[in-house]
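Student: The residues making up each chain are set out below.
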Amino acid sequence: EDQVTQSPEALRLQEGESSSLNCSYTVSGLRGLFWYRQDPGKGPEFLFTLYSAGEEKEKERLKATLTKKESFLHITAPKPEDSATYLCAVQGTGTASKLTFGTGTRLQVTL
Amino acid sequence: EAQVTQNPRYLITVTGKKLTVTCSQNMNHEYMSWYRQDPGLGLRQIYYSMNVEVTDKGDVPEGYKVSRKEKRNFPLILESPSPNQTSLYFCASKRQGVYEQYFGPGTRLTVT
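Protein sequence lines, in the order shown, are assigned to chains G and Y. The letter at position 103 of the first sequence is residue 103 when you use the working numbering, and the numbering goes up by one with no holes. Each position in the second sequence, counted from 1, maps to that position plus 1000 in the working numbering.
These are calculated hints, taken from the structure and not from any lab test. Idealized CB from N, CA, C, for every residue including glycine. It is possible that part of the hints are untrue.
Okay, derived cross-link-like pairs now, DSBU-like style, lysine-lysine, Cα gap no bigger than 30 angstroms in a straight line [said to hold, decoys possible]: (1) Lys1057/Y with Lys1017/Y; (2) Lys98/G with Lys63/G; (3) Lys42/G with Lys98/G; (4) Lys1017/Y with Lys42/G; (5) Lys1094/Y with Lys68/G; (6) Lys57/G with Lys68/G; (7) Lys1071/Y with Lys42/G; (8) Lys79/G with Lys57/G; (9) Lys59/G with Lys69/G; (10) Lys1017/Y with Lys63/G; (11) Lys68/G with Lys1057/Y; (12) Lys59/G with Lys1057/Y.
The calculated label-pair distances, taken between Cβ atoms and stated as ranges, are [unchecked claim]: (13) Gln1003/Y with Arg31/G: 43 to 49 angstroms; (14) Thr1015/Y with Arg12/G: 35 to 41 angstroms; (15) Gly54/G with Val1098/Y: 17 to 23 angstroms; (16) Gly54/G with Asn1073/Y: 37 to 43 angstroms; (17) Ile1012/Y with Lys42/G: 18 to 24 angstroms; (18) Ser1080/Y with Ser18/G: 49 to 55 angstroms; (19) Lys69/G with Gly1040/Y: 22 to 28 angstroms; (20) Thr1022/Y with Glu45/G: 19 to 25 angstroms; (21) Glu1053/Y with Gly94/G: 19 to 25 angstroms; (22) Tyr1099/Y with Arg12/G: 15 to 21 angstroms; (23) Asn1007/Y with Gly29/G: 33 to 39 angstroms; (24) Pro1039/Y with Gln3/G: 17 to 23 angstroms.
Work the whole structure out from these sequences, hints included.
Tutor: Set out below in structure tokens:
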């Protein structure tokens, strides 16, 4: 059974204070690891897909990296508008496109 | 604008009263799916559909039904809702052959 564990559950940063969110996973054959952003009262918004160990993707202040056991979402010099819950999900082989999600990291960036 | 829409966005109902949550996408996606989100449990898949008239169970299908008569629509049916189905529900869709799924805005359901 695929499993995803995210840490920390919650993170409070000051504006400009860089940090990383962790996503540990076990999956029977990784098809893709996904990062989503979710704002309160809204649906998850797609950020990145990583397919294989060593891959990296960047978007503005966010950078996602992948190893064989975990993924990191690095946030460089965050701004208050980066405050959200960040969700990690995996899709394994033979799962008919089902995503297995972690419970998320709730990020708050203060001035 | 490419989007997934859900209706209603909020619903309060009573135990046993049948209800339907609609989901529609305008991207001609083959794959559609329903998830529920509960505190501490994350998003869990209820049902999915690979294409018209093709549906299958996800991880938590008990108490739910779906149908896929048209490509754009994928309604979620609760024939006899119970309080343990109080949750936040999301519909998602994607194109066949790609991995990224796009989510609707959510439906917050309360069953009393």
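Student: Each of the hints needs a verdict: does it hold here or not?
Tutor: Structure-based check of all given hints:
no., hint, in the structure
1, Lys1057/Y with Lys1017/Y, "holds, 23 angstroms"
2, Lys98/G with Lys63/G, "holds, 24 angstroms"
3, Lys42/G with Lys98/G, "holds, 20 angstroms"
4, Lys1017/Y with Lys42/G, "holds, 26 angstroms"
5, Lys1094/Y with Lys68/G, "holds, 26 angstroms"
6, Lys57/G with Lys68/G, "holds, 16 angstroms"
7, Lys1071/Y with Lys42/G, "holds, 24 angstroms"
8, Lys79/G with Lys57/G, "holds, 19 angstroms"
9, Lys59/G with Lys69/G, "holds, 22 angstroms"
10, Lys1017/Y with Lys63/G, "violated, 46 angstroms"
11, Lys68/G with Lys1057/Y, "holds, 29 angstroms"
12, Lys59/G with Lys1057/Y, "violated, 35 angstroms"
13, Gln1003/Y with Arg31/G: 43 to 49 angstroms, "violated, 25 angstroms"
14, Thr1015/Y with Arg12/G: 35 to 41 angstroms, "holds, 39 angstroms"
15, Gly54/G with Val1098/Y: 17 to 23 angstroms, "holds, 21 angstroms"
16, Gly54/G with Asn1073/Y: 37 to 43 angstroms, "holds, 41 angstroms"
17, Ile1012/Y with Lys42/G: 18 to 24 angstroms, "holds, 20 angstroms"
18, Ser1080/Y with Ser18/G: 49 to 55 angstroms, "holds, 50 angstroms"
19, Lys69/G with Gly1040/Y: 22 to 28 angstroms, "holds, 23 angstroms"
20, Thr1022/Y with Glu45/G: 19 to 25 angstroms, "holds, 21 angstroms"
21, Glu1053/Y with Gly94/G: 19 to 25 angstroms, "holds, 22 angstroms"
22, Tyr1099/Y with Arg12/G: 15 to 21 angstroms, "violated, 32 angstroms"
23, Asn1007/Y with Gly29/G: 33 to 39 angstroms, "holds, 37 angstroms"
24, Pro1039/Y with Gln3/G: 17 to 23 angstroms, "holds, 18 angstroms"
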